[in-house]
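Colleague: The primary structure of each chain is shown beneath.
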Amino acid sequence: MDGIIWAAIPAITLLGGLGLYAIWIERQRKR
Amino acid sequence: MRFRVAAAIALLVSATVYAFLAPPTDPAAWKAPDLARTLFFHLPSAFMASGLIVLAAVLGMRYLKSGDLKFDSRLGAALELGSLFAVITMLTGIFFSRVQWGAWWQNDPRQTSFLIVLLLFLSALIIRAAIDDERRRAAATSVYALSAIIPALFLVFVFPRLPQVQQTSFHPSQTIQQNLLGTEYRIGVIWMLVALIVTTSVLYKRRVDDEDRSIKASRVPSAKEIGD
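Listed in order, the protein sequences are those of chains A and B. Okay, so the first sequence: first residue is 1 according to the numbering used here, each after it adds one. Okay, so the second sequence: first residue is 32 according to the numbering used here, each after it adds one.
Please note that the accuracy of each hint is not assured.
[Unchecked claim] A few chain B residues that face chain A, going by a derived Cβ cut-off under 8 Å, partial list only:
{"id": "1", "residue": "ARG68"}
{"id": "2", "residue": "THR69"}
{"id": "3", "residue": "HIS73"}
{"id": "4", "residue": "LEU74"}
{"id": "5", "residue": "LEU122"}
{"id": "6", "residue": "THR123"}
{"id": "7", "residue": "ILE125"}
{"id": "8", "residue": "ILE218"}
{"id": "9", "residue": "LYS236"}
{"id": "10", "residue": "VAL239"}
{"id": "11", "residue": "ASP241"}
[Said to hold, decoys possible] From chain B, some residues computed to sit far from chain A (all C-beta separations above 12 Å):
{"id": "12", "residue": "PHE34"}
{"id": "13", "residue": "LEU43"}
{"id": "14", "residue": "PHE102"}
{"id": "15", "residue": "GLU111"}
{"id": "16", "residue": "LEU115"}
{"id": "17", "residue": "GLY133"}
{"id": "18", "residue": "ILE162"}
{"id": "19", "residue": "ASP164"}
{"id": "20", "residue": "ALA170"}
{"id": "21", "residue": "ALA171"}
{"id": "22", "residue": "SER178"}
{"id": "23", "residue": "LEU184"}
{"id": "24", "residue": "LEU193"}
Honestly, the hints are just simulated from the structure, not real lab data. Each residue gets a CB set at the ideal place from its N, CA and C atoms; glycine is no exception.
Work the whole structure out from these sequences, hints included.
Modeller: Below you can see the structure in the form of structure tokens.
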């Protein structure tokens, strides 16, 4: 179970990156 | 649009769940066997960044041929998304390098060559941010995107295959080139790649629609339109 952290970090990097970009473009639209 | 958003989320979630459920690799070969799952996030991101730099060059060429600003807004979206995937590829790669090979940065030829690809993307965004006039910005970015495609294609497709690079690099490029990836891992990579293509198409369309609206809003109406 400890080892799962090694897979979770890349997953968070990818999904987090896409999520932040999606939030940023929605904020740009509201301007 | 709602269907595409739902499909993108469903594909991303299912591909991520699959990445965690795929059978573990040979523990003897790894500092941490679950680290092999990095591949499901790192490799499709690298494919997306490579595809988007090609798309950017095509859109740059179309703008230069037509002078239509709609191609510039598409070019901007492609460069933003390409930069995002290049950053994700770099971060996941650096993290893998730290755990498996013991150093965040070790001057591996693949790490260095992809850093240059990332810098090519970021330079394009800097050019866009530096020029206010939309026509000048569109022309400068289009020419840049067309010029950058030559070094980018070399760095992504030619450089990693040079024998001297393959001999000195830690990067397991040959595993993929020689089709040595296990079936479960190949399925996971393709699944995530499909998820990223669908997600990128949603984000790209959303971004382009917004840019197109602002082009229309700032456009000076023609004499004919005023006459009407």
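Colleague: Could you check if THR69 (chain B) really has its C-beta closer than 8 Å to a C-beta on chain A?
Modeller: holds (5 Å)
Colleague: If I take the minimum Cβ distance from SER178 (chain B) to any residue of chain A, is it greater than 12 Å?
Modeller: Fine: 26 Å to the nearest Cβ keeps SER178 (chain B) off the interface.
Colleague: Holds or violated: the hint that LEU74 (chain B) contacts chain A, with Cβ atoms closer than 8 Å.
Modeller: violated (11 Å)
Colleague: Taking the closest Cβ pair, is LEU122 (chain B) under 8 Å from chain A?
Modeller: holds (5 Å)
Colleague: When the nearest CB of chain A is found for ILE218 (chain B), is that gap smaller than 8 Å?
Modeller: violated (16 Å)
Colleague: Looking at GLU111 (chain B) again, its CB stays over 12 Å from all of chain A?
Modeller: Per Cβ check, GLU111 (chain B) is inside 12 Å of chain A; nearest 7 Å; violated.
Colleague: Taking the closest pair, is the beta carbon of ALA170 (chain B) still more than 12 Å from chain A?
Modeller: About 23 Å separates ALA170 (chain B) from the closest Cβ of chain A, which puts it past 12 Å; holds.
Colleague: Would you check whether ILE125 (chain B) satisfies its interface hint, that is, whether its CB is within less than 8 Å of any CB in chain A?
Modeller: violated (10 Å)
Colleague: Does the no-contact call for LEU193 (chain B) survive, Cβ to all of chain A over 12 Å?
Modeller: LEU193 (chain B) clear of chain A: closest Cβ-Cβ about 27 Å, beyond 12 Å.
Colleague: A cut-off of 12 Å on Cβ-Cβ distance, and ILE162 (chain B) was said to be off the interface with chain A. Does that hold?
Modeller: Nearest chain A Cβ is 18 Å from ILE162 (chain B), so the label holds.
Colleague: Holds or violated: is the Cβ of PHE102 (chain B) farther than 12 Å from all Cβ atoms of chain A?
Modeller: Answer for PHE102 (chain B): holds, closest chain A Cβ roughly 19 Å.
Colleague: Does ARG68 (chain B) meet its interface restraint, that is, does its C-beta lie within less than 8 Å of any C-beta in chain A?
Modeller: Cβ of ARG68 (chain B) sits 4 Å from chain A, so the hint holds.
Checked against the numbered hints above, the structure violates hints 4, 7, 8, 9, 10, 13, 15, 16; every other hint is satisfied.
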